[in-house]
Amino acid sequence: MAGKSGRTIEATPQDVWKKRIFSWEGMLVVLFLFINIFCRCISPNYTVANVLREMPKYLSEIFLLLPMAYILMLGEIDISVGSTVCLAATVACMATNANVPFVGVILITILTGAVCGMVNGFILLKFPELPSMIVTLGTQIVFRGIAEIMLGSGGSVSVTNTAGFRALSGEIGPFPYVFFLVLICGAIFVVLSVKTTFGRSLYAIGSNSRTSFYSGIKVGKIRFLVFTLMGTFAGIAALFLTSELYGANTTTGNGFEMDAIAMAVFGGISTAGGKGKMIGGLISAFIIVCLRIGLGQINMNPQVVLIILGALLICAVLIPNISAGLGLKKRKKI
Amino acid sequence: MRKKVFSVLLCAAMATSMLAGCGDNSEPASNGGTTDDANANNDAAGGSDDADADDAAGGSDDAAGGGAAGKKFALVTKSAGNPYNEKEAEGFEDVINSLGGECIIKHPVAATADAQVSEIQSLISQGVDSICVAANDENALQAALEDAMAAGIKVSCLDSKTNAASRMTFANQAGTTEIGQALMDAVYDIAGGEGEWAILSATSQATNQNAWIEAMKSIMESDSKYANLNLVEVAYGDDEPQKSTDQTQALLSKYPNLKVICAPTTVGIAAAAKVLQDQSSSVKLTGLGLPSEMAAYIGDDDAHSCPYMFLWNPIDVGRLGAYISAALVDGTITGAAGETFTAAGMDNSEYTIVDAGDGGTEVILGAPFKFDPSNIGDWKDVY
Chain V
83 MAGKSGRTIE ATPQDVWKKR IFSWEGMLVV LFLFINIFCR CISPNYTVAN VLREMPKYLS
143 EIFLLLPMAY ILMLGEIDIS VGSTVCLAAT VACMATNANV PFVGVILITI LTGAVCGMVN
203 GFILLKFPEL PSMIVTLGTQ IVFRGIAEIM LGSGGSVSVT NTAGFRALSG EIGPFPYVFF
263 LVLICGAIFV VLSVKTTFGR SLYAIGSNSR TSFYSGIKVG KIRFLVFTLM GTFAGIAALF
323 LTSELYGANT TTGNGFEMDA IAMAVFGGIS TAGGKGKMIG GLISAFIIVC LRIGLGQINM
383 NPQVVLIILG ALLICAVLIP NISAGLGLKK RKKI
Chain F
7 MRKKVFSVLL CAAMATSMLA GCGDNSEPAS NGGTTDDANA NNDAAGGSDD ADADDAAGGS
67 DDAAGGGAAG KKFALVTKSA GNPYNEKEAE GFEDVINSLG GECIIKHPVA ATADAQVSEI
127 QSLISQGVDS ICVAANDENA LQAALEDAMA AGIKVSCLDS KTNAASRMTF ANQAGTTEIG
187 QALMDAVYDI AGGEGEWAIL SATSQATNQN AWIEAMKSIM ESDSKYANLN LVEVAYGDDE
247 PQKSTDQTQA LLSKYPNLKV ICAPTTVGIA AAAKVLQDQS SSVKLTGLGL PSEMAAYIGD
307 DDAHSCPYMF LWNPIDVGRL GAYISAALVD GTITGAAGET FTAAGMDNSE YTIVDAGDGG
367 TEVILGAPFK FDPSNIGDWK DVY
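Protein chains in written order, with the numbering used here: chain V, 83 to 416; chain F, 7 to 389.
The following block holds chain F by itself, in its conformation from the complex (with noise of 0.2 Å):
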């Protein structure tokens, strides 16, 4: 008996000294990818340096950098493990270290809403001053990110929205016609104007996916150009490379006929290359892809899937994302249509806000960037 009692508590000490262990393991860790984050930062573009200027320059703008310092911006990705939102996650970091303020990163453990509200509540208990998220679900997270208004905190989104009720606004990467444009144009040129195509999609509850189709959908149908093309299927991928690879194969045996893969997203995108190219197959793909794991693909001739594709820089989406958490935070903007602030070393440093549409508001960061076989080799070793 007292052996026993003796053994847990033995075991207990051993548990305690692997948290703790982890606990300080953890955090050089992140510091360490802090410093090294920033350094990219300032060799990347100086772009720091520029921000600084621009502060010392204009009183508000110094205002604004002085209400950054010391607050707590948190940002929730859609899941761990996905390069996209890791480099969003990077671009967020980025900038609000820059501005002097403390970034807290959050990891779900998976791409469910369930995990993000968990991850959410344990920031609000952190008093943090602002939340940014990339949703899972557009509306299952109303309840926690109201508790999070309701506590102070300010909230917005970035890559997929929420509803209009639970954020204050929303770093959109491009406006969803101008994508939805891009990827039927693309669709239309690939496929010769006429034939089958089919779309590989990630979850079918994903916000943004769903707003791209149906974009497409509705381009198809209101110009006559479109009316040889046939939209066959929208296949599911869910995000994960062997699912969206039995897609891809099941989608190849169901058409024969099939011409054109269109896969928005870039876990589907990556996997149906890999098919195609390893199938030496007549099908031809385009949609979103990350350029580091699509370079491979991307080329005119037989012997790639895809001749090209779209993105919009997923670095400038977090650093978007993290520039409106600061204004919110700072007081700028409230998150009303109409608003202006100044996102300093980014390209098009005046952003305004715009109605998205559904009853909230929207940032948009600009047109999706087109990667063919001539600027792959320059971006395949950015992100």
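Same shape as in the complex, but just chain V (with noise of 0.2 Å):
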């Protein structure tokens, strides 16, 4: 609540405010490395080529991440990405069995899920009254709805010709496809974010929506366009889950929205929207994609895993307050 109404930018020093968000992202670099000294200690079997091996299955959920940093810095959430994940693999894994050429599944795939986050784009185009939370509940239902009607009594669809996402799931060296491709993605996303004015526009609508739209800058269009920029990126997740797992059913993309959500607050991005950048939610993707890798190759209880990442989510959103405390009291101090 604060965040939308309380934030005055002229009263705050803007190089303060611009330290501030520098040292947090300085914070996740040395976290990364740290992380990765700290798996590497504990595992013999932490190697280069092992964790670029094991990547992949994470790395179509960082997909997902980018377009939902978007997302939240418009103040706005999408907890319907994990359906439209599973409906666009459903449609992937159809197609291909339908002997549709594996470019026109890719077009199909990612076309599906540009649809799905245009249905909530639309909703929220044409309702702007509505809370993006509940429509997106809505359509996550919807949409896995669809998927499971498409998947039938089974509950599950594999694909039967393989050589397509065969080639998809391919390597440059030990660098697999998708790992370049999420670097390229997220060099654009913070890119778009920090150099565009409607990276510009994505801070000042978080900020104060009403205001941004009395500027003159096109709210609902702009939250249009990130809503089905989500959907698209959800179904291009959906193509990179499909090479791994040849298949989808009713559990695929089960949590994704959230494990998306995560990596995003976790790189200082607010949920409250119009704070935080591109390049801590992708640092802190990373983090937390090698924390489970080398936690995995210790065979740790998979359950205390989750207690350790939730730990740390709880400790990345309470290290700001905390230490935005600090500096107030000691200013009122001096």
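Mixed in with the good hints, there may be bad ones.
Which chain F residues face chain V? A few, computed with CB under 7 Å, are given here [as the list claims (entries may be wrong)]:
{"hint": "1", "residue": "85"}
{"hint": "2", "residue": "86"}
{"hint": "3", "residue": "88"}
{"hint": "4", "residue": "92"}
{"hint": "5", "residue": "110"}
{"hint": "6", "residue": "115"}
{"hint": "7", "residue": "118"}
{"hint": "8", "residue": "123"}
{"hint": "9", "residue": "127"}
{"hint": "10", "residue": "145"}
{"hint": "11", "residue": "146"}
{"hint": "12", "residue": "149"}
{"hint": "13", "residue": "210"}
{"hint": "14", "residue": "355"}
{"hint": "15", "residue": "358"}
Below, a sample of chain F positions facing chain V; criterion: calculated Cβ distance under 10 Å [claimed, not checked]:
{"hint": "16", "residue": "77"}
{"hint": "17", "residue": "80"}
{"hint": "18", "residue": "114"}
{"hint": "19", "residue": "121"}
{"hint": "20", "residue": "142"}
{"hint": "21", "residue": "148"}
{"hint": "22", "residue": "228"}
{"hint": "23", "residue": "234"}
{"hint": "24", "residue": "236"}
{"hint": "25", "residue": "240"}
Since the hints were made in silico from the structure, they are not lab data.
From the three backbone atoms N, C-alpha and C, an ideal C-beta is built for every residue, glycine too.
From these two lone chains plus the hints, build me the complex, please.
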């Protein structure tokens, strides 16, 4: 609440704000290095080759993080992406089994995701007073419902001709294709958010959408665009997930939305909107992935891993608040 | 600024010590478990003693024991918190320890193929010698398991199989038709030869569940004896107690003339048994259940909801899976039909690999075991 109404940009000295954000990303980089050293210490198998081989399964979630960060910056949320991934993956498998050429499969899958995103965006465009949490909760159920109808009584479909998906999960040296794609997309998203009018208007809308509207920013249009982008990337994520699983079932994509939100929040992107940086989300995504791989390699109970990740997330949200509190006290004393 | 960096470093240090603490704690715990299990094994039937004796007697068996020593054998279960899987893991661990191998048990976070893929990839990184998996999805593990086999790891399944291309062989708890026949006869007997009955299954994509349901349906169609039985619905409780309870209640309200529910899943049957018994329903239950969970519900009178049920011994399934893994690793078998291997210390010690009918092979443990009021008391403390 306070984030939306209580922010007065002029009253805050520009460089202090910048410094704080910079230091958060700086800390994440330190933490990233630290986590990698830590994992290397606890597991002798934590080598570059092994980590890169284990990574593609987690990387598909990073595709969801990128647009999810934009949505959070807008002060909105999209919890339908897991279902969108499920639906798009189902469509991908069925299209492949119907002997559609693989390029066609790629297009159809991404298009399916984009349409799902557009549905969300369209509802929010036409009824701006509806909270995005509730709208996407509804579409979450609808999309998964459609996927379950398509999957039929067996609840699962598998790709009979896996050639295309095998090619997609190929590698250049030890680096899987998807790794490069994530980095390229990540770079584009970072630049978009920092250097373009579109990116700056995301922050403006997230800080105060009414003011932005009266300042001439096309709030509805941008919201529609970002939700469509989210769906499109859910389609891409579905494509790469299918290239790992060669199939889809009713549990595909379960919980992906929350993983993506967790990565973004850990990266310093506020769910209240208008705060945080794309690059932080990206670094935190890799921190979480590396930690999962490292702890998995020492056969730590996955439930304990979940507890650790949850605790880290709470720390990530707490630390800026605590340090901000300390800073305030100091200023008052002086 | 300096303070902030300092606080982050402090937090990081705290997190490290926490993680290190977890690592330290988990290891002694698992070691403790191992010794307990090993003791239990000795107490139970002197199984490992027998194994040693056999090893000493047969030269080739001795080599088998030597081949397992120092190797890493991994088991990936369906999910954590599944009592049936935990029993399988116990049997698996017993055998691997008695053979002198190192045992790694991986319980995925959720009962999804997705979660199992992460675990399998992690095991490949660790360079294990064999992976045995209770598959959550028949086809979805193919990419990961092919990676494993390409890395020289011996891949087998137990409990629930993967497709033929992603396994070498499969420890099947019982032949699909044997189970279908046993359950169908139970339904026929309990319903009195006619009336409505329903199936309460686990998830709609569980390979083993679907195979048994198909077997029951085909048996029902093939014999006119079952003509008066009417299968009204196959409900899915997703192996969650709450959802299984809800599905049972839905079945009761939808079909007032229902006579029998058959739940071929341990979670589903326990949930359904509680619903039926609490409501003093006239509907009776059978299926596949754990004796320890079902003991309170098994009885011939109206006060009990389940006259009898079936299961095999999950500890034996785990042990068979372990012997298969060991035999694959030491080269006794390659997973082709017709090969035989010795599972020392098990009742039926000479096992033969047979064709599974899906292009792959399997090893069948035996026919399902019937639990009724006369023997449930002996078994409820076992598992």
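Now for the hints, and whether the structure bears them out:
1. 85: violated (9 Å)
2. 86: Cβ of residue 86 of chain F sits 6 Å from chain V, so the hint holds.
3. 88: Violated: closest Cβ of chain V sits about 13 Å from residue 88 of chain F, beyond 7 Å.
4. 92: violated (13 Å)
5. 110: holds (6 Å)
6. 115: Given a least distance of 4 Å, the restraint on residue 115 of chain F holds.
7. 118: holds (4 Å)
8. 123: holds (6 Å)
9. 127: Interface hint status for residue 127 of chain F: holds (4 Å vs cutoff 7 Å).
10. 145: holds (3 Å)
11. 146: Holds. Min distance 4 Å.
12. 149: Constraint on residue 149 of chain F satisfied, holds at 6 Å.
13. 210: Check passed: Cβ of residue 210 of chain F comes within 3 Å of chain V, closer than 7 Å.
14. 355: At 31 Å from the nearest chain V Cβ, residue 355 of chain F fails the 7 Å test, so the hint is violated.
15. 358: violated (30 Å)
16. 77: Nearest chain V Cβ about 16 Å off; hint violated.
17. 80: Residue 80 of chain F check passes; min Cβ-Cβ to chain V is 9 Å, inside 10 Å.
18. 114: Since the shortest Cβ distance to chain V is 6 Å, the answer is holds.
19. 121: holds (7 Å)
20. 142: Hint on residue 142 of chain F: holds, closest Cβ of chain V at ~8 Å, below 10 Å.
21. 148: Residue 148 of chain F check passes; min Cβ-Cβ to chain V is 5 Å, inside 10 Å.
22. 228: Hint on residue 228 of chain F: violated, closest Cβ of chain V at ~21 Å, above 10 Å.
23. 234: With a minimum Cβ separation of about 25 Å from chain V (threshold 10 Å), the hint on residue 234 of chain F is violated.
24. 236: Not OK, violated: residue 236 of chain F not within 10 Å of chain V, min 18 Å.
25. 240: At about 8 Å, which falls below the 10 Å cut-off, the nearest Cβ of chain V leaves the hint on residue 240 of chain F intact, so it holds.
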